[in-house]
Each structure stands twice: as structure tokens, then as C-alpha cells.
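**Q** Chains as they are written, first to last, in the numbering used here: chain A, 206 to 532; chain B, 37 to 320; chain C, -12 to 305.
I should point out that these hints are in silico values taken from the structure, not numbers from a laboratory.
Source: prediction; values computed, not measured.
Be aware that a few hints might be false.
[Stated by the list, open to error] Here are a few chain C residues that face chain A, going by a calculated C-beta distance under 7 Å: (1) S30; (2) S168; (3) K172; (4) I174; (5) S196; (6) R199; (7) N200; (8) V240; (9) I241; (10) S255.
Ideal Cβ positions, reconstructed from N, Cα and C, are used throughout, including at glycine.
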Amino acid sequence: MPDVLLDVQDLVVHFQVYGGYLKVLDGVTLQVRHQERVGLVGETGCGKTTTMKTIMGILPKPPGVVRGGRILFKGRDVLSMRPPELEHLRRSGISMIFQDPTAALNPVFTVGEQLEDAIRYALGKRDHASVREVALSALQNVALPDPPRILESYPVQLSGGMRQRVCIALALACPKELLIADEPGTSLDVTIQDQILRLIHRLAEERKMAVILISHSLGVIREWTERVYVMYAGTIVEEAKTGELFARPLHPYTEALMRCVPKLTGTGIAEGIPGRIPDYFDPPSGCRFHPRCPHRMDICRQRKPQLFPVDRGHRVACFLFGRDSHG
Amino acid sequence: MRRTRIGRWWYKFSRNPLSVVGLIIVVGVVFCAVFAPWVAPYPEHAGPYVNYREANQPPSLAHPFGTDIFGRDVLSRVFFAFRSSLLMGIVVLSIVVPVGVTLGLLAGYFKESWIDILIMRITDIFLSVPPLILALAITSVLKPNLTNAMIAVSVMWWPWYTRLVYGMATSLRNEYFVQSAELIGASKFHILFREILPNCVSTILTKMTLDMGWVILIGAALSFVGLGEQPPKPALGTMVADGAKYLPEYWWISVFPGLAIMLIVLGFNLLGDGIGDLFSLEEA
Amino acid sequence: MDELLVVEGLRKFFATSRGIVRAVQDVSFAIHPGETFGLVGESGSGKSTVAYMVMGMYRPTGGRILFKGQDITMPHARRPLVLKKELQIVFQDPGSSLNPRRSVREILELPLRVHHLVDRRKLRERVEELLNIVELPPDYAEKYPRALGGGEKQMVAIARALATEPSLLVLDEPTSALDVSIQAKIINTLVRIQKERRLGYLFITHDLSLMRNIAHRVAIMYLGRIMELAPAQVFFERPLHPYTQMLLSSIPVISEEEERLKPAKIVSTGEIPSPVNLPPGCVFHPRCREAREVCRREEPGMREVEVGHLVRCHLYGA
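One chain only, chain A, in its complex shape (with noise of 0.2 Å):
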């Protein structure tokens, strides 16, 4: 089995706003192997983007606030760590892409100047030319045409998707194990979009990167992963080999959802989940989705379900799959 590259246990966050605290995250589970291209699906509002920003230990720490968990980087927590280890664990460990190319880069730096700024701060390298060199080769690697003519240019004289492939090029500059994708490609063109995606598997490939992509999109994630984790509302709610979910998605939010996605079939789109995303503040008792699950029992206002597992690596957690120890 092959080793295990991040092990994110149990992560609890919260944020503090006037009078009281937004339970943001209630317990976050998901594993990270090495070489391996993980999916993380959710909407608006689930706490994605919360979760990476803990693991990457860029989380703003008043008003969030880490309430508990441990995120396991290589056997070492990073919650844990001081600010010189999580500067070694961003320069070398993990590295992230954002959803907006354009807000991700200084409009008023070329785009040399800010490459070249941040090879010099992960190499450590001095002198002009070898950082040049560098430069150019990271350019290249993305297939951005022309690199010389790129380096000398603005943000705001290239394309989206150029942009996002200058986003790419910095986060990569230096080798990493984990590569986080924040919905890639969401704000560009479906075209331009698959090429982004084409690209990231690829570095996966050629420089034994582990990804994590995250999107909104479920056909995204059926093509460019391997695993999936399903996301609502700051919990994991089912767990699977990609393939495996979208043949038998389980956990009745996954269900929903793929009946929301509007199908080329032409066969219509289901009438939506009825209810909202809760309220951080005042978030349900035990299972987070029972208000808008047309299963609901009893237990599900109880107590929150475990991953419980069905299959080889499928794992839902809702108590229509089991039973924890009490039950």
C-alpha cells in the first residue's frame, strides 16, 4: 500500500464573528497519496477552501480559529509547526493554484519579475542568469509559446489562459509533492479549461506530483481524478474510487447533486435539494444534511454519522450504510 503523503484527521475550525463562532469545519477527514490525483467536490459554502488553507497553514488566524484535528504532512503536523517549517513545507511540500488567475498576480509587476522573485525565494539561487534560465524552463513547461515575450509582460496583456498557466508555472517552480488545484480553469472557457486540466495531469505525471483537485464541477472531477471526496457543509460525506461514485453514488447529497447536473441526454434536470446550506452559526444537530434529506430518521438529528465503510475504499457517512458503536 503505498504510503500516505497527507493525512488530514478530524479537522475542526471555526471563526469567530459577533456573538459566537461560525463552526465552519466539523471534522474533516481525507487522505493524500503519493502520485495520486484526488478529487474534492463541493458547493459554495462547504468549507473547501477553508480546508486547504489549514493544510497549507495560510488560514487568517483571528478570525479562524483551529479548534481541533491534526494535518499529517510526511508524519509531521502542521498545525504544529513554526513559521520557518511551514516556509520549508510551501517552498518544497505543497503548493496551490487559485480559482482567478487574474486576482492570483500583481497587475503591476511583469510577469518575469514575479516569477523570477519567487524562483529566487524557493532555489535560493542569486545570480541573474541561472534564475533566468530557470524562469524561461517553468514557462516552457507549461507550453506558453514565446516565453522571452511572456516574461517581459504584464499580467493584464495576456490571456486567461496564459494567466492561469503563469499561476501554474509559479506554484511549480520548484518541485513539490502536493499540488492543490482550486477549481482550475472555472472562470475560463471550456475549451481553454480542458487544456489547463490536460497540463496539471501531465506535471502530475512527468514530476510524481500528488494532486487535489477541487471543483464544483462533476464532470471534472469523473475525468481528471482518481478518488473523490464528497463535501457538505465543513464534513466529508462519502468517499470512493472516482469510477465507483459516479456508477453508485450513495450518500443521498451525492444522489441529489448528480440528478442536479443537467445531462446531454436532454433527459431534464431534477428540481433541485430542497432547503439551504445551514447556518454556520447555528449549524443542525447530529448528520449536517438530515434537514434536506428525503431519508431522514430519527438518529440523523441525533448523532453525526461516521464514514462507514461499503466497498473497497467506498465509504458514506450516513446511517443508512451503518451503525457506529453506539447504535
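Mind docking chains B and C on chain A? Use the hints.
**A** For chains B and C alone, coordinates are given in the frame of chain A:
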């Protein structure tokens, strides 16, 4: 714990303790100004009063800020002087804000039309004259008194609001909610005052709060050269000027009114920061 | 014929510092009551520009727009008030189409007041009715947009558009910024309302799977021109234009069944050209794997290959 609307506002406001300090200072100054006849230890000293036996006394328990050359209690006069300072701030802003904001809205929404050009060129002309010079010029033509000082400061102050709102209006008019209102067929009045203006209010209010301090400072500068509130009515600038001749011996006559000016400006600045935070759209 | 909207030879050029942008060129189509006409394309295709011209937000450089037989090819400010009632638009970003400083009640009352549709005492009732149509509870009237989720904001935008009882609704990517479960609810609501009121919809999106489930007829645009126009089923099952095929082959789907419906994968290479520097001949030829000599020289015209199915491509003898 119940979450009320006021509670939420206080939470946002008090994130920065300095804003609370500003609020305390401003409330204190206003309180002293409004209730001066009752909180000042020697209210009659604010009018024509002379007692040479008590003149030039250094700060003591009886006179915490000392007495001036006429024997008048400086502390009491400072409280009464707050009145003309605050009055100037309030009156000037009451004139300047409606005028400046309306002109800015018109110029910004009708950008690149003759309305824009006319209004903004006039604004530019006013802004090109150094502010204090303009105020001095106007007051020296008119009789020196508080009313004319307020007029002078108003005349030089309105362009800042026009500029501020112009910038906001030009970008807001392209927002989808403004276009929606236009597509529905709403009148220009509605679009300017009910769609665009509400989105400018937070910036305007913040500026107004900061401006209170600056208008009061300009007012003090004018009265320092004798162009504002005339004696024997107390004014902070006049008190500083009167005491300047006696520095450094009878330092308290100038220094305490000067510190009072500083305190007012500081208070409004800190409060203005807090008001800005209050209006930020982030959720508490 | 009972066409609601007819667009003939519509053109829009913008003069910019970098040259003339030919945003829309030779666009023609018609929409009937109760029909959803879909306009699909990538960024720079000109689909939003067409929508804005229909609404009068842009003045067309050429061509005509007819609404219920009347020529309305004029900027919005010139249109009679009565016309403004009949055509309404729902924008893409719900966050910026509602004034954050106005309550839902004030937002919904505006069209009612402007057009004097109800007298003062009935305003409250009517606002509640509007909220009811989009399945929002009446107490939402007192809320401000920031207290609403993206989907709820969009529902308010739809309710506002329906307040004047229009005959045609233009929907510019109404659900692109929203999650799939919220999108589902909104689309179902839109379909229900369309059936109840026989509304015409001009529906714009880049999401082909969504289009498959909502449009009766679809047109695909590329760099300002319509490349193919057909009834929905025909468009998706027998796409003729190479661009249509390319797009269809790259959409992510979630089932095997759907995979089988897609044309064989055509990997798109290169960037979308900018509308300032249009390629000569057929604008799609640089990315087209079927490109021939004639495609580089001559722009193809629209040709009706079968009833209701038009293509702009030399492969079909245009």
C-alpha cells in the same frame, strides 16, 4: 447571546480600540460644548469678565488650565470655545455636503456631456487655489465674524465632495443594478439619488467625520489671524493667538487651547476610521 | 407569423484604440412565444453583445430588430415606456444586478412604480405575489441582498424582471456563477413560468449540457457570427459544423451514456483569436482541422442544409 443590529454595529466598530477612543473624545467634546454653562467651573468667564487680581495664574486646582491676562479661567473658556468650533463644522458641512455631492452625482452620471465639463472645470478652478488663501481672501473682503468665516470655508470646501462623488458615480453608473434601473425606465432622479447615492453614503460619511476635524482646524487658523469669532466670545484659535505673546512665561494660555484643537482633530480622525470600518460590507 | 422577436442581419462594430472590433456580424434569428432560443459560444463570440442590442443597451451598427412586428432598432433611451415593459433582462452576476443598499421590497417595487402597474395600497400584496412566483417566502421582502445566497439573489432578479409582465425575457448566463443544485432550482422555475405565461426566452450560456435541457432551438456563435443553428435535438445529435463538434467533444459529462453521445474528441489547440485581428476567410479556419484552401480565402454564408438547420461552412457547399 442575542445578536442585535446595534450589537453587530458595535462589534464591527470596536474591532479597532482606537475608534472607541475617538468616539469617547468626540462625545466628550460635544458634551462639554452643549452643557458648557453647567460643566464649566466659571461660566461667566466666557463673556466680558475682568479680574486682574486673578490674572496669569498658573494651572492649579481652582484653575486646572490656569487663567489668562484678564483673569479668566482658561478651562471654562475652552469649553465655550468648543461651541463655535463645532458650530462651524456642522454649518459648513451642512452646506457643503448637499451641494458638493449633488454636483458630483450629476457630473459623474452624465460623464462626457456638457454638464460634466461645466461642473468639473469649475471644480478644478476652485481646487487650484490654495485653500487657506481663498478663505483668507474671502473673509478679508467681508466683515470678520463667525458667519463670514463659515461662508469662506464653505466656498473652498465643496469641491472636495464633488471630486469624491464624481469618481464614485462614474464607476457606479456602469454597475448592472444601475443599468437594470435604467432598463426598467426609472427616472434620472431616482437613479442618481436612490440607486447611486446610497452606495456613496458610507464614503461620504467617513469623509464628513474626518472633515469635522479639519474644518475646525481651518476655523481655528482663521480666528488665529482674527478673522473668525470675535472677542469677547471665546474661540480656540483666538485664544492661542492671545497667549502667543506671553510664551514661554505664561505658557498655559496658548498651550491648552492648542492641545484642545489637537484633541478635537485627533478625535474626529479616529472616529472617522471607525465609521469607515462600520460601513464595510463584510459580515460580522 | 406570430414571431415575438426577429433579428435580421445584426451587426455591431466597436471602434477602439487597437482597431475596429467586429463584435457581431450578420446575425439573424427569430423567437416565438413560449419558445426558448439558445445562444451558445465561448468568450468573444458576441453572444452578450447580441443580447444587449436586443435590449437597446447598445446601438446596432447595422441590421434590424423587430418586436411583435415593430421596428425597435434604437437605443434604449429612445424606446417608448410601453416597450420597456415588454422586454426584460436577467444578468449573469446576481451580486451586482441588485443594489446592495436597497431592500428586496424596494427592488421589486421599482418596476411597479415606474409603470404605475398597481396602486399604492396594492403594492405590498403584489410584491408578495412576485416572491411567491419564484418560491421565496414573503419575509424576504425586508432583507437586503447581502443576506441572500447567490441563487436567492438571482430569483429576486427574475421576480423583478417578471414584475412588468414582459413577453420576452433575455437571460444572459443566469446560472453560470451558481452551484449546480441551485441552478437546477432556477432552471426548473424558469421553465415552469415560461409554460404558464407563454414567455419567449433568449437564453445565453456557454454550458452546452444546460442548453440541451432548456432550449428548443440553438445557435452557436464564434467571433461574432452564427456558425450553426438548429432545433435542440438535431443540434446535439447531428452537429455539422466543425466548431460545434469541437465544443461538444470537450464538455465534461458524468455518465457513460452521455460519453457515447459526444463526438470523437477533438483537442483544441491554441488560443481564441482576438476579435480585433480576425483571420481572413472563415474566422474559424485557424482552429479547424477540416480547413481547406477556400476556407482561408472566402467567408462562407449561412446555408439551410435541412429544414430549420442552418450551417455556415464550406463543407456544406455554402
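**Q** Decide, hint by hint, whether the structure agrees.
**A** Tested hints:
1. S30: holds, 6 Å
2. S168: holds, 5 Å
3. K172: Status holds, d = 3 Å.
4. I174: holds, 6 Å
5. S196: holds, 4 Å
6. R199: holds, 5 Å
7. N200: Holds - the Cβ of N200 (chain C) comes within 7 Å of chain A, reaching about 5 Å at its closest.
8. V240: Because about 5 Å separates V240 (chain C) from the closest Cβ in chain A, which is inside the 7 Å limit, the hint holds.
9. I241: holds, 5 Å
10. S255: holds, 4 Å
Checked against the numbered hints above, the structure breaks none of them.
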